[in-house]
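Peer 1: Between the sequences and the hints, there should be enough to build the whole structure, so can you do that?
Letter by letter, the chains look like this.
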Amino acid sequence: MSEPGEIIHIGDARAMKRIEDHCDVVIIGTGAAGAPAARVLAAAGLDVVMLEEGPFVPLEVRRHDQWTGFKQAWRDVGFQVAQAKGVLPILQGRSVGGSTTINGAIVHRVPEKIHARWVDEFGWGNAVPMKDLDRIYDRLDVELSVAPAPEPARGQNNRLMGAGGDALGIRHNVIQRNVIGCRATARCLQACPTGRKQSMDVTLIPQAMRDGARLYATCRAERFLRAAGRVTGVEGVFVDPITGERGPEMVVHAKRVLVAASAIQSPLLLLANGIRGRSKQVGRRLQAHPGVSIMATFDEPVDMWFGATQGHETTHWWDEKMKFESVGVPLEVGAARLPGFGRELMHRIADWGHVAQWGVQVRSDFMGRVRRGLFGGTSIRYGFSAQDIAIIKIGLGRLAEMAFGAGATSLYPGVHGLPDVVTSIDEMRALDDVPNDPRLFHGIASHLFGTTIMGPDPATSVVGLDGQVHDVPGLYVLDSSLYPTNMGVNPAHTISAISWHLAERIAGV
Amino acid sequence: MQITPFERRWLVTIFDAIYPGGATDALPAGAGDVGLERFVDDVFDHAPFQPALGIRLATWVILLCPLFVIGRARTFVGLSREDREQVLHKLGSSRVWALRELPALLKMVGALGYCALPAVQRQIGIPLLAADPSWARGEPTPGADLTRQDAIAHANAAAALAPASDDPRAPEPPAAASAATAPAAEGTA
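Protein chains in written order, with the working numbering: chain P, 600 to 1108; chain U, 26 to 214.
A portion of the hints provided could be inaccurate.
Said to hold, decoys possible - Simulated crosslink set (DSS-like; lysine-lysine; CA at most 27 Å straight-line):
hint	chain 1	residue 1	chain 2	residue 2
1	P	K684	P	K992
2	U	K115	P	K684
3	P	K879	P	K684
4	P	K684	P	K712
5	P	K992	U	K115
6	P	K920	P	K992
Honestly, the hints are just simulated from the structure, not real lab data.
Peer 2: As structure tokens, this is what we get:
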């Protein structure tokens, strides 16, 4: 029913009662995992159909305000949270391109120590060899135009973080990003309003479609079709992403079903289809990189609205489970992080041009859980562990040292129990007296892992080493739910590389 | 979830207490002066059930709490500007996490509306010339009615945006003018 390259939306399907399609492979999800799989399988000559719950967000409908970005491209309009001790926002995209449309475009390869753990402790063996990953990373670097944030587009928020690193004499670097010709609007965290981020919607997905893949957007996969002990397709429904109105049914018959819907949605889909596995690990072991930020004020202009959203980082303390990044945010997001209310707050907003923001993310050991919640929603249990908070406190102290080293005049630490405004590193030492209670810190979590882990033993893992769900022939999982641990670095590039690798095995190339 | 006209008015009053006008010469208009009622409706039109319920709950608690927080037997709406700020400060610094979160939630939501307005951003020197958000113009979310889209054509247009220079302040390449149509392009500095 569609021409080559055309993405079908609910608006096209409303007049129909049911849409049916047949293919070799149906891929659920079009983000960092789904798009590369489509790219590889379509290039190998397989007939590929992609299903995406969110809409396509073309450049001409993108705007400069974050609320519109939330509505267009974020899961739960940006309100998705996890609950444990307190509430932790969970950042996820929901559009064609998945979270790659709303991430900071940061590119990292999996650290060798992490890969070695997966190989040695979790039985990955030679399933995903590092040399294969390096070959695929190199290919992705080209296809996604990966390069360091160029100097003219870096912006002062990023440069000052570099100055802070210099002041402490630590190792730090400009971030490698998948962006061409960045216009430095510092608005990566919505679908890039100038179309420069090389997210999946403008790279691997159209490439897959040039090779014949088809894409149904605003289409939510709900039920696996089964025959003769195999999964043979998927049933779904078109859902209006704005109103929630349900449209026609969608049925895709396929030889293989590949789930690449994220570490939240993939296990939910399996659970909704009664797939718990012998290990009973579906939806369990949810891991992430929770983080917090400091804001710092400088006498000189920072102008956080100009520059790469995230253009500088340090992994100097990675072995201590910390990674630091600059985090440029628009005023409408950052204002809520400024301390105070009323007139005091308005003075700080008026001084926004002198505010910088940097964050610390933690390689957390917290293991959470995902399951279907009341009223059909999603229930995510995740938070900071006490050990995470201890690391966060050390990290905040180091960020403060970097900020004052770079010339900051004051900090907004954002910790209940500390003063709203801190003007010296000595004042920050009061952090030591703050209890390790997550509710005293304002954090977020991103980079989700581990809810359908991959391993050789069905008694301890959900998915086999070829990506196929144990005991469920024809059904595969490709995304970061497979990873037994978190990574300590931004995972999008690795999610793509591992999915690419598994897709090559499925295609037999 | 829909909000009643009363609740909408209370919520905008709370937003205005968080983001008041006239506190500084740079920002003469506060959240109560910029038509945030339409933003409130947009939030309740789009937010999932639980966060919408949370916003509603926070509104009611803040409305009714002054007696318990600052000993004034009035609703929040009936307080002076100074007393409203005092209520927010006391709740925001409460030892009880759930109470601290109430004004924090509304501060976050209010910022998404008030602080995104070009009129506000220009006042503090943000040079973007973006148009008002769709809610402020009474329009639906851009792209809400999308039908067939040609992914390959969009990708080709995006590729044509590649500049000759790394300098983001350099002029856009000619292809950008046709690829990135008015609303997105007008935001470029």
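Peer 1: Taking the earlier hints as the rules, which of them does this structure contradict?
Peer 2: Those not satisfied come down to hint 4.
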